[in-house]
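Could you put together the complete structure from these sequences and hints?
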Amino acid sequence: MIRALLILVLLASTILLPWWITAPLALIGAFLEPFAPLVVAILADALYLQEGVFPIYMTCYATFFVLLVLFIRNRLRVG
Amino acid sequence: MKKTYLVRRNALLSGRISVGAVALVLALVVFAVRFLAPDTFWRAAAPVFGAASVVQADTHSLLASFRSAARLAGEVEALQSQNAALVSDNQMLSKKAEHLSLLLGAGEAPVAGILAGVLARPPESPYDTLLLAAGTRDGVAVDQEVFAGGGVPIGVVSAVTLETCWVSLFSTSGRATAGWVGKDIPISVIGGGGGTLRAQVSREAGVVVGDTVFVPGPGMLPVGTVARIEDTPSLQSVTLHIASMANLFSLAWVEIRPRGLLPSVASTTPS
Chain R
1 MIRALLILVL
11 LASTILLPWW
21 ITAPLALIGA
31 FLEPFAPLVV
41 AILADALYLQ
51 EGVFPIYMTC
61 YATFFVLLVL
71 FIRNRLRVG
Chain S
1001 MKKTYLVRRN
1011 ALLSGRISVG
1021 AVALVLALVV
1031 FAVRFLAPDT
1041 FWRAAAPVFG
1051 AASVVQADTH
1061 SLLASFRSAA
1071 RLAGEVEALQ
1081 SQNAALVSDN
1091 QMLSKKAEHL
1101 SLLLGAGEAP
1111 VAGILAGVLA
1121 RPPESPYDTL
1131 LLAAGTRDGV
1141 AVDQEVFAGG
1151 GVPIGVVSAV
1161 TLETCWVSLF
1171 STSGRATAGW
1181 VGKDIPISVI
1191 GGGGGTLRAQ
1201 VSREAGVVVG
1211 DTVFVPGPGM
1221 LPVGTVARIE
1231 DTPSLQSVTL
1241 HIASMANLFS
1251 LAWVEIRPRG
1261 LLPSVASTTP
1271 S
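Those sequence lines, one after another, are chains R and S.
With the working numbering applied, the first sequence corresponds to residues 1 to 79, in that order.
With the working numbering applied, the second sequence corresponds to residues 1001 to 1271, in that order.
I should point out that these hints are in silico values taken from the structure, not numbers from a laboratory.
Don't take each hint at face value.
[To be verified] Cβ-Cβ distance ranges computed for the label pairs, FRET-style:
{"hint": "1", "chain 1": "S", "residue 1": "1069", "chain 2": "R", "residue 2": "50", "range": "41 to 47 angstroms"}
{"hint": "2", "chain 1": "S", "residue 1": "1237", "chain 2": "R", "residue 2": "12", "range": "43 to 49 angstroms"}
{"hint": "3", "chain 1": "S", "residue 1": "1234", "chain 2": "R", "residue 2": "73", "range": "24 to 30 angstroms"}
{"hint": "4", "chain 1": "R", "residue 1": "28", "chain 2": "S", "residue 2": "1079", "range": "38 to 44 angstroms"}
{"hint": "5", "chain 1": "R", "residue 1": "72", "chain 2": "S", "residue 2": "1040", "range": "23 to 29 angstroms"}
{"hint": "6", "chain 1": "R", "residue 1": "16", "chain 2": "S", "residue 2": "1028", "range": "20 to 26 angstroms"}
{"hint": "7", "chain 1": "S", "residue 1": "1047", "chain 2": "R", "residue 2": "21", "range": "21 to 27 angstroms"}
{"hint": "8", "chain 1": "R", "residue 1": "16", "chain 2": "S", "residue 2": "1112", "range": "46 to 52 angstroms"}
C-beta atoms are modelled at their ideal positions from N, C-alpha and C, and glycine is treated no differently.
Here it is as structure tokens:
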């Protein structure tokens, strides 16, 4: 339930709040829901990325961060 | 006989799906629709952006209401007197322009610009671009100039679809635009992101805080004023921090015009 609420808040903040507030919120949220930054980044790219522009920076950065979080979580579980 | 189950296999079949995974799939669907059917996507997204703009404006008003009433009243009074002075100046300049036109003969007929609503703007947009609700259907083309209220140039159309277009702002990080500061000191105005502009100029140029910065257009178009001068003694030049004349964060409407054309309407209405 909390995870679903977190995702909803982050999606709303993508449209309502400045990106420099949304981005840290998504990064912090990653420790509760690892895919949260990637969801926010994909939505941000869908809404704000200019037509014909590549690479999709937000999604690329978020993918890297999510992989890092998943690796850390995996290592902590093993330990 | 005891039946042995494979624990891992059962874990996979448990049917427990993460909320994040579902949200990720939905986000990917939205992303795919955005690029495969852009016009349908923007038609559906426009009301969402509109509602978001209303919420942002309401939030801004709510936060402003917490400020001191006396200070707000003072600001209103100062702005009213400033507005009255500007209206007077504008009327005087309009009359002067009319007389000059009569004396010199009528020039090119003013071309009507395209009025476009702003769907998304910084700081919500991380790419420092404006998304406008006007596209090729309305006559918008790449490289046309975009003006905020009062004829302040803010950027250039950089991409366009049937019903939407994107504006690359002068303040986009790293973007360089030729311009002038003061009367005739040439500078390169560099975007600093987030609606900020800066420029390097020689210390001997004598630029002071409050000087106006212009970019080329029909004549010299003011884009901002020098808000702060950063002077490092070890360098021969100083860095100018320029405050834009248009507040990009609260733009609701803009005008799009082909490059170098005269404004269709140049008026200041009293409040």
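Has the hinted range 46 to 52 angstroms been met by the Cβ atoms of residue 16 (chain R) and residue 1112 (chain S)? At 34 angstroms between Cβs, range violated.
Taking 38 to 44 angstroms as the stated bounds, is the beta-carbon spacing between residue 28 (chain R) and residue 1079 (chain S) within them? Because 40 angstroms falls inside the window, the suggested range holds.
Per the hint of 23 to 29 angstroms, is the separation of the Cβ atoms of residue 72 (chain R) and residue 1040 (chain S) within bounds? With Cβ atoms ~39 angstroms apart, the hint is violated.
In this structure, is the beta-carbon distance linking residue 16 (chain R) and residue 1028 (chain S) contained in 20 to 26 angstroms? holds, 22 angstroms
Given the hint of 43 to 49 angstroms, check if residue 1237 (chain S) and residue 12 (chain R) actually sit that far apart at their C-beta atoms. Holds, at about 45 angstroms.
Looking only at beta-carbon atoms, does the pair residue 1069 (chain S), residue 50 (chain R) fall within the given range of 41 to 47 angstroms? At 43 angstroms between Cβs, range holds.
Does the Cβ-Cβ separation between residue 1047 (chain S) and residue 21 (chain R) fall within 21 to 27 angstroms? holds, 24 angstroms
Are residue 1234 (chain S) and residue 73 (chain R) spaced within 24 to 30 angstroms by their CB atoms? Because 48 angstroms falls outside the window, the suggested range is violated.
Checked against the numbered hints given earlier, the structure breaks hints 3, 5, 8 and satisfies all the rest.
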